[in-house]
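Protein sequence lines correspond, in order, to chains A and B.
Using the numbering used here, the letters of the first sequence correspond one by one to residues 1 to 445.
Using the numbering used here, the letters of the second sequence correspond one by one to residues 446 to 612.
Source of the hints: derived by calculation from the structure; they are not laboratory data.
Check before you lean on any hint, since a few could be wrong.
[What the hints assert, rightly or not] Straight-line distance between alpha carbons at most 25 Å, and here's what the computed BS3-like set of lysine-lysine pairs gives:
(1) B:K548 <-> B:K565
(2) A:K249 <-> B:K548
(3) B:K548 <-> B:K593
(4) B:K548 <-> A:K149
(5) A:K70 <-> A:K48
(6) A:K184 <-> B:K451
(7) B:K468 <-> A:K191
(8) B:K451 <-> A:K136
(9) A:K136 <-> B:K468
(10) A:K249 <-> B:K591
(11) A:K198 <-> B:K468
(12) A:K184 <-> A:K198
(13) A:K184 <-> B:K548
(14) B:K593 <-> A:K136
(15) A:K98 <-> A:K70
(16) A:K278 <-> B:K591
(17) A:K98 <-> B:K451
(18) B:K466 <-> A:K191
(19) B:K593 <-> A:K70
(20) B:K468 <-> A:K184
(21) A:K198 <-> B:K565
(22) B:K522 <-> A:K184
[To be verified] To give a feel for the contact side, a few chain B residues facing chain A, derived at Cβ under 8 Å:
(23) L471
(24) F511
(25) T530
(26) G531
(27) M534
(28) L535
(29) K565
(30) C569
(31) G574
[What the hints assert, rightly or not] Here are the computed distance ranges between Cβ atoms for each label pair:
(32) A:D159 <-> B:G554: 35 to 45 Å
(33) A:A143 <-> B:P449: 21 to 31 Å
(34) A:T427 <-> B:G554: 26 to 36 Å
(35) B:D559 <-> A:M24: 20 to 30 Å
(36) B:K591 <-> A:R374: 22 to 32 Å
(37) B:L452 <-> A:I133: 19 to 29 Å
(38) A:N11 <-> B:H588: 39 to 49 Å
(39) B:E555 <-> A:R374: 38 to 48 Å
(40) A:D159 <-> B:A453: 16 to 26 Å
Bear in mind that the values here come from a model prediction, so they are computed numbers and not experimental data.
Even glycine gets a Cβ: it sits at the ideal position worked out from N, Cα and C.
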Amino acid sequence: MGRKLLLEHANVPGIETHEVYRKMGGYRSVEKALKTMSPDDVVAEVQKSGLRGRGGAGFPTGMKWSFLAKPDGVPRYLLCNADESEPGTFKDRYLMEKIPHLLIEGMIVSSYALGANQSYIYIRGEYMWILEILEKAIAEAYANGWLGKNILGSGYDLDLRVAPGGGAYICGEETALIESLEGKRGNPRIKPPFPAVKGLWGCPTVVNNVESLAAVVPIINDGAEEYAKIGVGKSTGTKLISACGNLVKPGVYEIELGMSVEEFIYSDEWCGGIANGKKLKACVPGGSSVPILPAHLVTRTATGEERMMSYEGLAEGGFATGSMLGSGGFIVFDEDQCIVRNTWNFARFYAHESCGQCSPCREGTGWMERVLHRIENGKGNMRDIDLLADINKKIEGNTICPLGDAAAWPVAAAIRHFREEFEWHITNPQEAVTRNYGLLKETAL
Amino acid sequence: MFSPEKLAEVQALMNQYPEGKHKSALIRILHIAEAEFGGWLSPQTMDYVAELLNIQPIEVYEVATFYTMFNIQPVGKFVFEVCRTGPCMLVGSDQIIDYIGEKLNIQVGETTADGMFTLKTAECLGACGYGPMLQCGKQYHEHLTKEKVDALIASCRAGEASPNTQN
């Protein structure tokens with residue numbers, strides 16, 4: 001097992017309390033930052049660490065921070081995106097449930113770096129019990145002087161609150177999140193202006209994922225250089241992976257970026273292989289939006305090299321033969337799973353979650369869902385496959401926010417890699433509704 | 446009308462936001478109102494919330510109808526929201542949905558005649574590694590089997606499980 005920077009103490013009894021968390025070295029980074037570093041020093045340290053956004057896009061966190069506008073007399077805000085809703089992703093939940101003070105600590109240091117005196121955690125409404133865990137921990141942080149006025153006598157003030165959503169995937173998109181936090185429908189905003197210039201209530205705002213903010217703690221504690229020693233290339237540090245689907249041991253794992261996919265799936269230390277003694281058929285390695293990979297491209301790249309769990313490793317081969325690390329929602333399919341059914345299921349998800357603002361997404365996601373539904377139910381036509389590709393192209397890149405792309409990519413990738421299975425559903429309608437295509441293609445290879 | 450205690454809670458939530466930005470508390474207040482007033486947001490409830498926040502009723506309606514967690518029709522005492530998205534489907538959520546429907550003799554979206562149970566499906570609830578699962582009130586019920594569903598329904602009937610309250 002590799003180094004654990006975030007979850008090292010996650011299973012210490014009582015770690016959710018301030019007392020135990022502090023005893024295990026908690027809040028050291030607040031002391032270090034507020035007493036020995038300027039806000040700009042903290043930003044520089046995070047930039048140097050190479051930390052990339054852990055919510056899915058992988059944008060360098062320090063760079064995002066450096067874009068924050070700082071006009072005089074205008075408040076700035078830090079928002080934590082805890083709207084975790086990407087199918088396959090349940091890592092932020094684990095972190096907040098187990099070790100809530102780590103997020104709070106990361107938010108204090110990050111808010112200090114950005115000059116924010118008011119920060120909010122926006123959490124998905126279904127996680128109401130985690131909201132309560134966070135509020136309890138926040139109350140403890142206030143009581144122990146980590147939040148409030150003049151923290152550690154530094155002259156720095158910070159208030160931190162939690163706000164719930166109401167069950168809308170789109171609110172994980174940062175401008176939709178801001179709209180929602182303003183008490184409105186979660187309709188994404190047109191960018192520019194970016195939140196760094198005009199965000200919450202029109203003020204400069206940074207929105208970061210839970211895990212990104214938590215990672216600031218070890219970066220400040222141990223220094224950017226130590227952090228960047230872990231990982232490979234531009235994928236530095238550790239990453240939480242939420243593994244699910246047909247695995248022996250699904251769950252949340254903290255990996256050092258750069259470990260091999262094969263080891264992650266099959267080693268007993270990690271996921272323990274495919275459940276029920278079955279064979280691997282496919283994997284969606286970074287949440288439902290990223291391209292699906294057929295078995296032969298999961299553990300190896302198209303050129304036969306070992307595939308690595310890193311931003312670059314999972315993207316190796318581009319969209320033709322690769323995928324993305326995304327949010328770390330690692331979904332594994334065994335040989336009995338139907339790719340057409342799963343593609344339809346994901347299409348239904350996006351059709352359900354489209355906010356309805358942009359026509360290509362509002363209409364296109366519904367069309368894809370209906371076309372896939374009829375193929376899955378043995379009523380498809382060969383032209384449907386090209387029709388799907390056509391709808392895809394009309395959505396991709398033509399919407400205000402990335403939900404359109406997120407809906408289009410999984411369909412395009414499924415057809416790219418599993419076209420025979422779609423065709424089989426169409427040419428064998430009776431069988432398609434009673435039997436599984438299984439591994440026909442894989443075994444023929 | 447909220448009780449004086451609830452009203453104080455709502456006021457405190459509004460105060461978490463800067464002067465004039467108290468509309469930000471709307472979603473959270475709707476969760477509380479839903480739990481307090483029978484598990485759903487009637488037009489009267491929404492108008493009341495609008496009045497509390499000093500905003501137009503339409504500002505409440507548009508939010509209540511956008512977010513799928515809010516029930517804008519009456520529901521049963523216990524609402525089962527079963528996750529139906531990919532990762533849960535891979536481990537048998539379709540079968541669990543069918544089983545609950547059979548057991549309660551209702552279709553998805555319906556409420557039992559005695560007003561006890563409503564069966565709904567939900568998109569990904571963030572429990573992908575622990576499926577199949579359902580949410581009832583605040584509680585997640587994970588790694589579901591037919592036996593666990595039976596036990597849950599029995600405990601709801603016996604009044605042991607907490608009803609559909611988010612707050």
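Indices of hints not satisfied (ascending): Failing hints, ascending: 2, 4, 13, 14, 15, 17, 19, 21, 22, 29, 35, 38, 39.
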